[in-house]
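Visitor: Spelled out from the first residue to the last, the chains are:
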Amino acid sequence: MIPLYVDPTAGGMLLQVLLGGVAGIAVVVRLFWYRIKTALTGRGRSGDREDR
Amino acid sequence: MTERPTADPGSFRDPDNRVFTADRQVFRVFNRRDAADIERLIRSEAFEDMVELGMVVSTEVLEPADIPGSITSLPDPALVVRHERIPFISYPYEWSFEMLKDAAALTLDLATRLLDHDYILKDATPYNVQFAGARPVFIDVGSFEPYEEGPPWDGYNQFCRLFLNPLLYERYVGQNFQHLLRSSLDGVDPGELRAMLPLRSKWTKTVFTNVVLQDSLSRRFEASAKASSEVSGHVIKRGAIRRMIRGLRSSAAKQRSQVRRSSWSDYESDNTYDQRSEDAKREFVESVLKRTQPGVVWDLGSNTGAYSLIAARHAGYVVAFDRDPQVVDAFYTRLRADPGGPTNVLPLVMDLVNPSPGQGWGHTERKSLADRGNADFFLALALMHHMVIAGEVPIDSILEWLASVAPEGVIEFVPREDPMARRLLLRRSRSHGEYSADGFAEALGRYFTVGDRAELPNGRILYSVVRKV
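Keeping their order, the protein sequence lines are chains A and B. The first sequence: position 37 = 37 (this note's numbering), numbered continuously. The second sequence: position 385 = 385 (this note's numbering), numbered continuously.
These are computed hints drawn from the structure, not numbers from a lab.
Examples of chain B residues toward chain A, derived with CB under 8 Å:
| hint | residue |
| --- | --- |
| 1 | TRP153 |
| 2 | TYR156 |
| 3 | SER218 |
| 4 | ARG220 |
| 5 | GLU222 |
| 6 | ALA227 |
| 7 | GLU230 |
| 8 | MET244 |
Please read all numbers here as calculations on a predicted model, not as lab measurements. Even for Gly, the Cβ is constructed at its ideal location relative to N, Cα and C.
Generate the whole structure from the sequences, applying the supplied hints.
Guide: This is the structure:
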């Protein structure tokens, strides 16, 4: 499947956030935690991955 | 005389400004509300410095009275600037490794300078760079915009795809990058490159950060609305952007091509030319060029560039085409290393049997070689036997094409008994019986009038020719 509604620059943007300092690391950690949480509870998925 | 301005088909993506050519001049028309910001920058000392240093193409703001009528008729031209014309437009898939590196360094140096003056590059693509001779120059003044602290740098992902990743590919995969950029105008996706890179490269800081980490984050969050909102809510300090650009600058600068040396790299020292023949050939070529004083010369199959350098002394501008990226790289490096050397020679990678096609939207965004104008003079030295024997192109087709390239030129015929031609004929299924000195001379007469003719001591024949109209 070719994902149509994705942002190919998302990785680059997040990488810059990550390299930007402690606050940026916290953002990425939070995003990963959010993913783990939604994977475990099954909630939030439709909101996060709309349109795929 | 005024003609209707022609919109450059490669400049439509940016809605804020477009490039037009009229009366053989290049204009950039800004129609956006913040044209004032661009005008302030162009009129600043900082910009003047960038032009003076050769980083940015010479640009002047036109007063309303100086704007050609054909341009003022465009809808809402808020600001019109005129650019110095680049003699020959080339694309990154026609550059050698060191050329792409120099274009990368220029782009990042410019980004840093702009940040010092509260501006930023809104993109980072090699298509914004052209070569004037062997010197890279930034042409897209429309990419400059006022900097506001907060968002990540928009140019980062593009820089990786179009500059850094092709360089890393050539360094770690050991293959030439040109075919990747020719087939994908968006460059090489980090995920795509990651799959090709050897494991050992992935532990280097450059690859780990810009390829592995970027790709991992991309895979996980490219479709995540939450990630987008987190990014847009986050402030990245100017210092962090500056640091990242500095990191990219040094990452690009330290890459070295790891493509195996080609057999052509040694050609000049290894070919079958005896000194007497070589001297005679040089003398012949130089005397024709001296007499003709052409504007633009295309050296077709330029090899190490020896004859391009001769042409440069008598011509306005020389474009040196060779199909071997390593050979082009060596010639480019030699030109760059010589500060007193010619500034009017542009070496390019081009397989003349399969030249660059028209590409992108409408086949016109990136022009084919044929659509980029012609020359006033061509050099086709030790080229025919490659095109006929290895390329399997009929002699007549080659001559017809040469006649379309320029009205005059010099052609070298390499007889089939020549050791280099024999090497090509070896193991060919076709005998190429039609490839003979007599057959060639006869075909030549169908397309050209022969001026001077010289048979070299090694049996090769040089013709100076003028095309029949």
